[in-house]
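A.B. asks: Build the full structure now, drawing on both the sequences and the hints.
Chains F and P supply the protein sequences, listed in that same order.
Everything in the first sequence is counted per this note's numbering, starting at 376 for the first residue and increasing by one.
Everything in the second sequence is counted per this note's numbering, starting at 9 for the first residue and increasing by one.
The set of hints was computed from the structure by calculation and includes no laboratory data.
Quick caveat: nothing in here was measured; it's all calculated off a predicted structure.
Note that CB positions come from ideal geometry on N, CA and C, so glycine has one too.
Among these hints, one or two may not hold up.
Cβ-Cβ distance ranges computed for the label pairs, FRET-style [as the list claims (entries may be wrong)]: (1) A442/F to L66/P: 38 to 48 Å; (2) L164/P to E425/F: 38 to 48 Å; (3) K412/F to K62/P: 48 to 58 Å.
Per the computed footprint, the stretches of chain F lying under chain P, defined by three or more beta-carbons under 8 Å from a beta-carbon of chain P, are [unchecked claim]: (4) 380-393; (5) 406-420; (6) 443-452.
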Amino acid sequence: MHPSLSDSELLILLALVRLAPNAYGVPIAREIAERGKRNFALGRVYSVLERLEKKGLVRSELGEATAERGGRAKRFFHITARGLREIRATRESLIRMWDGVPQLEGGKA
Amino acid sequence: MKVALWLMNRFQVDSSLTGDLIEEWATGRSTKWLLWQTCVAIMSALWTGLWHHKLRTLGAVAAGLFGWGLLLNAFTYALSPFPHFPIGLLLFVLRPIVLGWIVGRLQPTQPLGTALLFIAVFISVALWNSRHSPAAYGVILLLGSWLTLTTIVGGLLATRKRNSILIPG
Numbered sequence: 376m377h378p379s380l381s382d383s384e385l386l387i388l389l390a391l392v393r394l395a396p397n398a399y400g401v402p403i404a405r406e407i408a409e410r411g412k413r414n415f416a417l418g419r420v421y422s423v424l425e426r427l428e429k430k431g432l433v434r435s436e437l438g439e440a441t442a443e444r445g446g447r448a449k450r451f452f453h454i455t456a457r458g459l460r461e462i463r464a465t466r467e468s469l470i471r472m473w474d475g476v477p478q479l480e481g482g483k484a
Numbered sequence: 009m010k011v012a013l014w015l016m017n018r019f020q021v022d023s024s025l026t027g028d029l030i031e032e033w034a035t036g037r038s039t040k041w042l043l044w045q046t047c048v049a050i051m052s053a054l055w056t057g058l059w060h061h062k063l064r065t066l067g068a069v070a071a072g073l074f075g076w077g078l079l080l081n082a083f084t085y086a087l088s089p090f091p092h093f094p095i096g097l098l099l100f101v102l103r104p105i106v107l108g109w110i111v112g113r114l115q116p117t118q119p120l121g122t123a124l125l126f127i128a129v130f131i132s133v134a135l136w137n138s139r140h141s142p143a144a145y146g147v148i149l150l151l152g153s154w155l156t157l158t159t160i161v162g163g164l165l166a167t168r169k170r171n172s173i174l175i176p177g
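C.D. replies: Rendered as structure tokens:
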């Protein structure tokens with residue numbers, strides 16, 4: 376039994392996969408806003424990433440400090456093999472739940 | 009921007025997150041956006057700093073409450089029979105600053121947040137104790153505002169210094 380991923384965790388993990396290897400706070404939040412149509416504050420993104428890192432689904436590394444960031448380094452996030460397995464497991468379980476439910480077919484309620 | 013950076017620095021917000029906010033702000037985001045992002049970043053830092061080290065946080069707050077009684081008794085004893093103005097006033101000012109500093113030093117991952125939590129607990133306890141005399145509420149809230157300000161000063165003094173804040177032109 377896989378530990379379930381929350382909605383925000385799944386969105387952020389998917390953003391990491393799409394943005395690899397240049398995933399840090401700003402592009403992650405933008406990707407979720409543009410593609411996922413959801414607005415996450417950067418503080419929330421970091422909070423979820425920290426939780427994912429504790430679960431071993433994500434690892435991070437510091438880049439170099441730059442002047443345009445006020446001398447602060449970027450923190451790059453990478454999905455781990457375990458993180459990828461969790462995404463696949465969540466996807467399969469969602470597909471199984473979707474499958475064969477006529478109310479969920481088509482675009483009209 | 010300066011205020012937001014100062015706040016994030018004092019509340020120990022992750023420096024990479026601060027950098028991300030600076031980077032995004034430079035693309036032309038509004039002040040309202042920055043304030044909202046700063047609030048979320050600070051709340052997140054408070055949660056991480058206080059809850060993830062809850063035993064240390066509880067210990068620091070308990071030490072503060074214990075210290076409050078101890079300092080009260082010690083000062084009263086040391087100054088008796090002259091616990092009056094101006095020494096009394098000086099102690100009135102110094103005690104919450106000293107306690108805010110001690111509480112903050114005992115919880116170095118979130119000194120200012122711990123000092124704020126300490127004073128919130130202290131005021132809550134005072135309000136609870138005077139629940140049968142609503143007339144005292146006003147005095148407690150007035151005194152509480154003063155104690156909050158002075159304890160914040162103590163908490164700020166306990167906050168470790170980081171590298172100087174650079175603001176991009």
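A.B. asks: Would you mind marking each hint as holding or not holding in the structure?
C.D. replies: Hint check results:
Evaluation of the 38 to 48 Å hint for A442/F and L66/P yields a pass: the beta carbon distance comes to about 41 Å. At about 25 Å, the CB distance of L164/P to E425/F disagrees with the hint of 38 to 48 Å. Taken as a hint, the range 48 to 58 Å is violated for the pair K412/F and K62/P, whose Cβ atoms sit roughly 36 Å apart. Counting residues of the region 380-393 of chain F whose C-beta lies closer than 8 Å to any C-beta of chain P gives 0; at least three are required, and the coverage claim is violated.
Here's how the region 406-420 of chain F fares: 4 of its residues keep a CB closer than 8 Å to some CB of chain P, so the rule of at least three is met and the hint holds. Evaluation of the coverage hint for the region 443-452 of chain F: fulfilled, as 8 residues show C-beta separations to chain P shorter than 8 Å, against a requirement of three.
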